[in-house]
Structures are given as C-alpha cells and as structure tokens.
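Let chain A serve as the given structure and place chain B on it in line with the hints.
There are 2 protein chains.
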Amino acid sequence: MNKNYYAVLMAGGVGSRFWPISTSENPKQFHDMLGTGDTLIQKTFQRLNKFVPTENILILTNERYNDLVLEQLPMVTEEQVVLEPAMRNTAPCILYAALKIQKMNPNGVMIVAPSDHWIEDEDAFAKDVTTCFEKCEKEEVLCTLGIKPSFPNTGFGYIEFEKTGKSELKKVAQFREKPDYATAKEFLAQGNFLWNAGIFMWSVKTIVNAFKNYQKEQYNLFESGTSCYNTGDERAFIKENYPKAENISIDYAILEQSKSIFVLPATFDWNDLGTWGSLYNKLDKDATENAIVDARVLAQDANGNMIRAHNKKIVVVDGLSDYIIVDKEDVLLIYPKEKEQDIKKVLNTVKDTFGNEFA
Amino acid sequence: MNKNYYAVLMAGGVGSRFWPISTSENPKQFHDMLGTGDTLIQKTFQRLNKFVPTENILILTNERYNDLVLEQLPMVTEEQVVLEPAMRNTAPCILYAALKIQKMNPNGVMIVAPSDHWIEDEDAFAKDVTTCFEKCEKEEVLCTLGIKPSFPNTGFGYIEFEKTGKSELKKVAQFREKPDYATAKEFLAQGNFLWNAGIFMWSVKTIVNAFKNYQKEQYNLFESGTSCYNTGDERAFIKENYPKAENISIDYAILEQSKSIFVLPATFDWNDLGTWGSLYNKLDKDATENAIVDARVLAQDANGNMIRAHNKKIVVVDGLSDYIIVDKEDVLLIYPKEKEQDIKKVLNTVKDTFGNEFA
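If you're matching them up, the sequences are chains A and B in order.
Quick note on our numbering: the first sequence kicks off at 1 and runs consecutively.
Quick note on our numbering: the second sequence kicks off at 1 and runs consecutively.
Same shape as in the complex, but just chain A (with noise of 0.2 Å):
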C-alpha cells in the first residue's frame, strides 16, 4: 500500500432523517442501518482501508462521539481520531486535518470522504480514487469523485464539468448549489452534470496552499498550532484556537474559489443513505417487496415498507404499504416514505413535547 495515502473519514453529523434510530447521541454512520453486520462508519473505513494504510486513516469527529469510533475502529489509535472543540462546519476541520497529515508527511496525498454512505463496489470505488490520487502526486489539483445522475434529484449539489478535453478527468466549470426541479431535468439534458457526492482528494500541500491563498486568516489560525500538532501540545491548542475559525463549508470556502479542480465521473453505485427512502431502495427486498433488517416480519397487504427493528423482533403489518416502520426501545415511528423529508419536523416535535432524551 502506497504509505503516502490518507484519508480523512467526516463522521461527526447526525443524520437527523433517519430518526428515531440515529440520534445525537448515536448518529447513523455508528449504526448497521444496511443489516449487514457492520456500522457504515465500519463499511466505510473498511472501504478505505484496501488502498490506504491502516494508521494513515484519521477519523474526523465530535468529541462526544470519540469512544464510538474507538469501539466501532478498534485497530485504530487514539490520535488518529481528530476531534473537533466546537461545530464550524467542514473547511477548518479539513484544514486542521491537512495540517497534521503534512507534519507527519508533506508527500501525502489525502481523500476526504463521509463515513456514512453506500458504495458496494469496493474495487470500482479505490480505482477511481486512486487514478485521483496519482493526478494529485503529480499536479497541484483539488479533484473530486461526481455521480453520475440517474434522475434530476433536487436534494443534492451538482458538478458541472467542461465537455472539452478527453481525459477521464474533467476540469470543473462551476459547482452548483442544489436546483429546483426544472433546473435538475436541465442539467440532465446536457449531459456534463454530476451529483457532488462530498468526496474530494488532494495532496496535503496544494490543500493547505489553497486556504493560504483563499481562507489566509483561517490559514494562519491553523498553521500557528503547527508545531503542536501530533504532540501532547495539539489539544490545548485545538481547544483555545478551533472555535475561533470561521464556520464555513469546504465547498464555499475553496471549492468554489479554485481554478484548478477536476472531477472523475464515478464508475461504482453510489447511495448518501441520506433517507430512509433511499435505504429502502438499496437494500435487499422480501417477497412482498418490504425492505427489513432485524425484525422478522409477517405482511399481509402490506408492501413497499421500510421496517426496522431490533434483536429480530417480530413485526405483523397488515393493510399497510409504503410506510417506514422504525421500532427501537424507546420509540416507534409508523411513517409514510413519501413525507420522509418532514421527519426531521417530527424530531423537533418530539423534542418540543417529550424532551431532549429521545433525539
């Protein structure tokens, strides 16, 4: 394995669609929504881990969520969780990230990616990201994996890319904000718009020269820990310093700045689990067309059902279709898929009538 890849795993949202079962206590990435046995985070960083070593993975996280990627990443150490002081959204965290990684090696090349979406082909997903990596060695580039789009989704953001040029590496034109519908079918029509799935690669020194040249005050908020970082030192600095950075996404914050940004249309399958709708459509279904995972399930007129529960319990549903149906012990939700959307209204409802301790 090339001792010169990183990566940096996002693992400090929440996932609020996907309550009761992610909660701010425990998000979605630290569960088995798929039923396969391992958490997303576990999927993700086994994913990650056939190309990049072990030790050069960092997981980046909130601190109250530190012991559950321990638990969950038991071959991974202490340092390699970075954790965040404060919510400032993903440019100071990727920067903080970056920073580390050049102290320990300034050839490094890094991938940042979520911990909690669906890629099944694990062979597709680290040849594309390798053929990233080698541009980065080589060229002082952001790049970026885009999905290419099944239908003109509204939820995500898209990449547009220049037509011209017949590497498999486009160069970004413009990355734009998530679209009303007629723009989504538009986009679609001319063929050179992909759905910005969050994952970006760089070498360590073009990323951090690029907030010095379009985030300088963020830039030298960070650069002043450097000789603290990887030492006893970093915490105390972190803990003064990283609440002073801007709250800013990475996207506004270098993407949208940079000219020098390529995108590689993604060869695997590609699912944000964003949704208990988009579960349901990736995962296995029975014969009644129910999507399950731990529960056994008698239906009777009963299809097109998301149904979650816990230690295989028994679930009958009867007359019932296209619903999600979550039970866990403290909550059950008996929801209609189509108004997935409003389920992060219901959790603010529930926390308004029932308190925090349920979300």
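Just so you know, these hints were derived from the structure itself, not from any lab.
Hints are not guaranteed to be accurate.
Any copy will do: because identical chains look the same in the list, a pair fits if it lies in one copy or spans two.
In silico DSBU-like cross-links for lysine-lysine, where the CA-CA straight-line distance does not exceed 30 Å [what the hints assert, rightly or not]:
#1 LYS178 to LYS344
#2 LYS351 to LYS285
#3 LYS285 to LYS344
#4 LYS328 to LYS339
#5 LYS328 to LYS345
#6 LYS127 to LYS239
#7 LYS185 to LYS328
Only chain B this time, still in chain A's reference frame:
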C-alpha cells in the same frame, strides 16, 4: 359482610384476540389492559371484595398461572387458588369449587364470574349480585346476570326470558347460542333477550344438586373427593381425578337442563373486553380520538387507533386510522381494527412461522 357469600373467579383463559399482550404465558386477565394501574383480575377482585369477604374468594386457574395470581392478589392464600390440572371447560371446575365451598360452609351462596371483564359501576354490580344472592339463599334456583343488548351482537350467546312476571328477576325461557345477524336483530326487536355475560349465582346446595340431577357421572367423580377437599390430600386427589372429568361447559351441562333459572337484567354498564376494538370503545380518547395505553403518542392524520406500548414509549404515527398498534418488547402488531377477529389466525401463523415463544 355476609359470611355466606362466596365468589369464584374464572382466571384460566388466554384471550388470544388480545395478542400480543395476552399470551398463553401471561394472559389478558393479568395485564393492566385499561392503563389504570390495576390488572383486570385485580379490578375484578376489588369489585367482588366489596361484598364478599376476602377469604371467601376463590380463583380458578391453571397451574401455570398460580404464581401470577399470588403475585397480583397478595391478600389471597395459596388455598384460595384452585388449580385445574387439565383444561376441562367450565363445568368440572365449577363443581369442584362448589364442593370445596360446601365443605367449608353448607349455607354458602356463590357467584361465578369471569376475571377479565369491564364493569365500571361497582355499586350497581354489588346491588345486582346481592339481589340474586338473596333469592339463592331462599330458593333452590340458579341465577344469572343478563346484559341489555345495545346492538345485534353476533359474538355473544343470548338469554331469552319469560315476559310474564313482575319481579326484577325474570324466569329464563331458554339459553340461545351465538345467533346470526338477522336472528340477533329479531332478538332485540322482541325485547326479552339479554346477553349472556357468564356471571352465575347460586347456593352451593343448589348447584351441587343440579350436578347430581343432570351430570351424575361428574357429580360422582368429584363427590368422591369430599373427604380430601380443603385438606392436604386434595392435591393428589385432584391430580388423579380431574383429568377424568368430561370436558363440558356449565351452560351445556347445567343451565340448558335446569328448569329454575332466573336472570336479572344488569343495571350496570358491561364490556367483555373481548377484542382490542372493544377495549378501544371503553377507553377515554385523546383529542385525536386515539385510545392510548402506556405510550406517549404524537399522532398526525391519525385517529381512531388503539395504541398500546410499554414504559410510556414514544409512538409517532402519521396517516394511519382505525388501527390496532400494540408494541411489546419482542413483538409489534400493526393491524386494522376492522379485522380484529383475525388476530387469532395471525397468532397461529406466528406460531407456525416463528415458534411458540411469542404466543
């Protein structure tokens, strides 16, 4: 309290239409079905204990429920729990209990009552039963309480009484089996039909004589144990002889034979709590017309549901009406109220598919 008054609570049934709460391990009468803090058998005991001395209340049940009875009715001694070593319908156990009571007190009058029905007005119940007890003390008659039918229910047996006679207590003309709908409507039109609630009163002398007259064999079988009853030898006698008894109901064995049966039209509201739907009808509803037991519910576009959980579990339900939603640790049931009679079938399918442990 009248020392001659005795009660026999029938607590051996399972109530399988209340699955998954009611199971053969822990049937309906041992659950707090109404969410009042008391189980049904506790409520029934308290209702009778207003006019029957504590030590005069016997509980007829299966051996497997002995511990449940003693746990839920701590005021009762082990001797008051009369265990059936085999399922032989109601006649054998009633005769057995009557002989035990007769040996204690030849002047005893007794009520036989189900342990799992709903009767709110305890004073009216006490008054009705006392009226019957007084007749039973004076005359060699069998008495029953009949419920004024509120609709042509095809799920109950009916008691037809003679229209002549001005006394409160009406002479029974005939017991009628569960009718079809047209017949039930006709019964109601005739005005002299009542629902059979399975509540019977008689003196021990009268009922023992009735067995002697109409069920000679059964009488001989149980009478031969008289010297053992209420002594250390009782258990062995019953263990050996009870299984030899004919499997027959008290209705068929005695009531349909006897010529001197009287019925008192009950002055209290009654519900047999036979199904989740009848429980729904009896419970107070929240603002959205959902009946809720041991759950905290957020309902949207959801009404007319019978929702039961445990430990005040949070239940979020959207777009679902007139359903039975029952959640227990290892089983979740989501079932249309209108199909409640099929829950017995569901239970059988569950047994066949997943084994007996959930039934």
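Are there hints from earlier that the structure breaks, and if so, what are their numbers?
-> Numbers 6, 7 - these are the hints that the structure violates, sorted from lowest upward.
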